[in-house]
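Going down the list, the sequences are from chains G and S. Under this note's numbering, the first residue of the first sequence carries the number 259, and numbering increases by one thereafter. Under this note's numbering, the first residue of the second sequence carries the number 259, and numbering increases by one thereafter.
Some hints could be false.
[Said to hold, decoys possible] Just a few of them, taken from the derived set where beta-carbon distance is under 8 Å, the chain G residues facing chain S:
1. Val488
2. Phe507
3. Gly541
4. Ile543
[As the list claims (entries may be wrong)] Label pairs and their in silico Cβ distance ranges:
5. S:Pro420 x G:Asp266: 49 to 59 Å
6. G:Gly444 x S:Thr558: 34 to 44 Å
7. G:Arg587 x S:Asn331: 30 to 40 Å
8. S:Ser273 x G:Gly444: 52 to 62 Å
9. G:Gly336 x S:Lys482: 36 to 46 Å
[What the hints assert, rightly or not] Some chain S residues well away from chain G (every beta-carbon gap over 12 Å; in silico):
10. Thr267
11. Ile280
12. Ile309
13. Glu324
14. Asn331
15. Asp337
16. Glu373
17. Thr387
18. Gly487
19. Asp491
20. Gly530
21. Arg531
22. Lys535
23. Gly538
24. Ala575
25. Ala578
Just so you know, these hints were derived from the structure itself, not from any lab. Heads up, the beta-carbon is just placed ideally off N, CA and C, and yes, glycines get one too.
Protein chains: 2
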Amino acid sequence: MRATTIHDTRDIRVSEVPDPIIEAPTDAIVRVTAACICGSDLWPYRGENEITPGSTIGHECIGVVEEVGSDVNDVAPGDFVIVPFCHCDNTCAHCQAGVQSACVNASMTSSGQAEYARVGQADGSLVRTDGIPDPAMFPSLLALTDVMATGWHAAVAAGVRPGGTVVVVGDGAVGLCGVLAASVMGAERIVAMSRHEPRQQIATAFGATHLVAERGKEGGQAVKEITGGVGADAVLECVGTKDAMDLSFAVARPGATVGFVGVPHGVELPIGRMFSKNVGLAGGIAPVRRYLPELLGLVTSGRIDPGKVFDLSLPLAEVAEGYRAMDERRAIKVMIEP
Amino acid sequence: MRATTIHDTRDIRVSEVPDPIIEAPTDAIVRVTAACICGSDLWPYRGENEITPGSTIGHECIGVVEEVGSDVNDVAPGDFVIVPFCHCDNTCAHCQAGVQSACVNASMTSSGQAEYARVGQADGSLVRTDGIPDPAMFPSLLALTDVMATGWHAAVAAGVRPGGTVVVVGDGAVGLCGVLAASVMGAERIVAMSRHEPRQQIATAFGATHLVAERGKEGGQAVKEITGGVGADAVLECVGTKDAMDLSFAVARPGATVGFVGVPHGVELPIGRMFSKNVGLAGGIAPVRRYLPELLGLVTSGRIDPGKVFDLSLPLAEVAEGYRAMDERRAIKVMIEP
Numbered sequence: 259m260r261a262t263t264i265h266d267t268r269d270i271r272v273s274e275v276p277d278p279i280i281e282a283p284t285d286a287i288v289r290v291t292a293a294c295i296c297g298s299d300l301w302p303y304r305g306e307n308e309i310t311p312g313s314t315i316g317h318e319c320i321g322v323v324e325e326v327g328s329d330v331n332d333v334a335p336g337d338f339v340i341v342p343f344c345h346c347d348n349t350c351a352h353c354q355a356g357v358q359s360a361c362v363n364a365s366m367t368s369s370g371q372a373e374y375a376r377v378g379q380a381d382g383s384l385v386r387t388d389g390i391p392d393p394a395m396f397p398s399l400l401a402l403t404d405v406m407a408t409g410w411h412a413a414v415a416a417g418v419r420p421g422g423t424v425v426v427v428g429d430g431a432v433g434l435c436g437v438l439a440a441s442v443m444g445a446e447r448i449v450a451m452s453r454h455e456p457r458q459q460i461a462t463a464f465g466a467t468h469l470v471a472e473r474g475k476e477g478g479q480a481v482k483e484i485t486g487g488v489g490a491d492a493v494l495e496c497v498g499t500k501d502a503m504d505l506s507f508a509v510a511r512p513g514a515t516v517g518f519v520g521v522p523h524g525v526e527l528p529i530g531r532m533f534s535k536n537v538g539l540a541g542g543i544a545p546v547r548r549y550l551p552e553l554l555g556l557v558t559s560g561r562i563d564p565g566k567v568f569d570l571s572l573p574l575a576e577v578a579e580g581y582r583a584m585d586e587r588r589a590i591k592v593m594i595e596p
Numbered sequence: 259m260r261a262t263t264i265h266d267t268r269d270i271r272v273s274e275v276p277d278p279i280i281e282a283p284t285d286a287i288v289r290v291t292a293a294c295i296c297g298s299d300l301w302p303y304r305g306e307n308e309i310t311p312g313s314t315i316g317h318e319c320i321g322v323v324e325e326v327g328s329d330v331n332d333v334a335p336g337d338f339v340i341v342p343f344c345h346c347d348n349t350c351a352h353c354q355a356g357v358q359s360a361c362v363n364a365s366m367t368s369s370g371q372a373e374y375a376r377v378g379q380a381d382g383s384l385v386r387t388d389g390i391p392d393p394a395m396f397p398s399l400l401a402l403t404d405v406m407a408t409g410w411h412a413a414v415a416a417g418v419r420p421g422g423t424v425v426v427v428g429d430g431a432v433g434l435c436g437v438l439a440a441s442v443m444g445a446e447r448i449v450a451m452s453r454h455e456p457r458q459q460i461a462t463a464f465g466a467t468h469l470v471a472e473r474g475k476e477g478g479q480a481v482k483e484i485t486g487g488v489g490a491d492a493v494l495e496c497v498g499t500k501d502a503m504d505l506s507f508a509v510a511r512p513g514a515t516v517g518f519v520g521v522p523h524g525v526e527l528p529i530g531r532m533f534s535k536n537v538g539l540a541g542g543i544a545p546v547r548r549y550l551p552e553l554l555g556l557v558t559s560g561r562i563d564p565g566k567v568f569d570l571s572l573p574l575a576e577v578a579e580g581y582r583a584m585d586e587r588r589a590i591k592v593m594i595e596p
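Could you put together the complete structure from these sequences and hints?
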């Protein structure tokens, strides 16, 4: 099959690789209808994470079940499915506790930007749609495989409540989805830290009540002013850098929680401030499967439209341009159609 | 008045110092009936924190109101009061959010181990008892000024729930009170990490269902065995050292929260593990005043008896021996009677 492969820093290609096959009786093979590039794909792309040259890349896709292993009972060939980027049996103690991303049988989609993807623990992982969805809904369904569920997880972890004040640090697709999540959860004030106009527009469409373009100390000061000196009830850290984490703790009011979903890179936590101000930290890899039924309902009922984060759509052959566009921040999020 | 003063590492004296006076109209002066030595007093005692030679020390006391400032309305001379170690107006935004330890008018008892103590924001801080309590109840009331409220805070921050499995790291007075808190909150399994027999006995009396004497990797392994490999639903970190924090995260199951109340010294948080396993951290300086009404009710109704943590009682003149006894772990917690 044709699949996206990574060969070196900023070297993305479309290569012919062996088709994925059923390896375990709980596996399924999904024919990819639509895939996308994740902000975290940019870490290896930029040389921040180690890579194995020639390996496939991409962990977000939706599609049609092509084949299932002998132990798969709940999905069948022909089903249209949402593929959560982390697979889970949905029955182990960690899954039952709502932490499907720490499933004892966890695995991850490893060739999402390709014609086919293997999914482990298919019964536990895959969520079927009701028939084949309208293609107009593909972007929003695709967003559920990672970014929308991850933004939602940040909001859950941060303890967003109706009437509260929420600050979202990061205006990538996850941060924008965090704004949307906070809005659905009833937050009264949602401050999006964003200085890019196209992203500000989506943030506003998703429910942001305030936009703060400043960063660092000035950004913190702006939030202090918006909140009358008190700070935010909940902060969604959707980047993973030291600056983003520092800002998150700076704007959190005493007793608040920072919900973090950006893969941490070079972060050192301000434990002194956490202790003296009782500011907690929660979150991590989103248990996408936990949220899928609820989020799917919100998408199919038209209540949310997270697909708005896709501002560029390319055929698989042009996937390298998709990476470039996201790397250079010319695109927020790129959809790939095999 | 006579007060406990610190002059150098391991140099505790009883000195004649000026009586505290009303400095702000919201102050009260309390004649100390009973005081105690806190585990955190040992940090400066051991030279881990800087000191001002000759300064008073001690922040835990109960007593009788002697004098109040002109703006104090809710307590009056003659009232017997619990003095939370951190003072608060109990009206600011942070107090209203339950984080009285971050009150905008916060201060701290600074001469608790003395004849008199000044209390800031007396109306907000002090909690009156119903008449003068039976002296037999003094130890338990004294425990409410810090250790019991702090152990309770660890349990609240860690999200202890009925039926859950709780691990308490630290068998000092706070850790033991954490065991008691978890028990009152309905935890089904409470693992006390303790290798000192007198402390194990109190832990058991307070509700511990399991005792683990091992530390480090062996301690983590023991908890894994007790929990069938899953880990603890909630962990109470009641020490503040790197080893204690590392152990806390090692025994936390995915999705759990570590409630931390030990003043952090040299701690570095395992952000990679926190992210990959969704283990959160919450807690900090206990908002004692928030919990006092509930805890006072639990003590006066006989439901809890946190005073059991006091295993040595000394007159003020012998306070230096109290510090020695706690430093050398000959005593769990020392009561001082001026």
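Here is what the structure says about each hint:
1. Val488: Hint holds; G:Val488 Cβ to chain S Cβ min 5 Å, cut 8 Å.
2. Phe507: violated (12 Å)
3. Gly541: holds (7 Å)
4. Ile543: holds (6 Å)
5. S:Pro420 x G:Asp266: 49 to 59 Å: holds (54 Å)
6. G:Gly444 x S:Thr558: 34 to 44 Å: holds (39 Å)
7. G:Arg587 x S:Asn331: 30 to 40 Å: violated (58 Å)
8. S:Ser273 x G:Gly444: 52 to 62 Å: For S:Ser273 and G:Gly444 the Cβ distance comes to about 57 Å; the hint holds.
9. G:Gly336 x S:Lys482: 36 to 46 Å: holds (43 Å)
10. Thr267: Label holds. Min Cβ-Cβ 23 Å, cutoff 12 Å.
11. Ile280: Holds: least Cβ distance 28 Å, greater than 12 Å.
12. Ile309: holds (19 Å)
13. Glu324: At about 31 Å from chain G, S:Glu324 clears the 12 Å cut-off, so the statement holds.
14. Asn331: holds (26 Å)
15. Asp337: The claim stands: S:Asp337 keeps its Cβ more than 12 Å from every Cβ of chain G (closest is about 29 Å).
16. Glu373: holds (30 Å)
17. Thr387: holds (27 Å)
18. Gly487: violated (8 Å)
19. Asp491: The assertion about S:Asp491 is violated, with a minimum of 8 Å to chain G.
20. Gly530: Violated, since 7 Å does not exceed 12 Å.
21. Arg531: With a cut-off of 12 Å, S:Arg531 comes too close to chain G, as the shortest Cβ separation is near 9 Å.
22. Lys535: Answer for S:Lys535: violated, closest chain G Cβ roughly 5 Å.
23. Gly538: violated (3 Å)
24. Ala575: Answer for S:Ala575: holds, closest chain G Cβ roughly 34 Å.
25. Ala578: At about 29 Å from chain G, S:Ala578 clears the 12 Å cut-off, so the statement holds.
Consistency note: the structure conflicts with the earlier hints numbered 2, 7, 18, 19, 20, 21, 22, 23.
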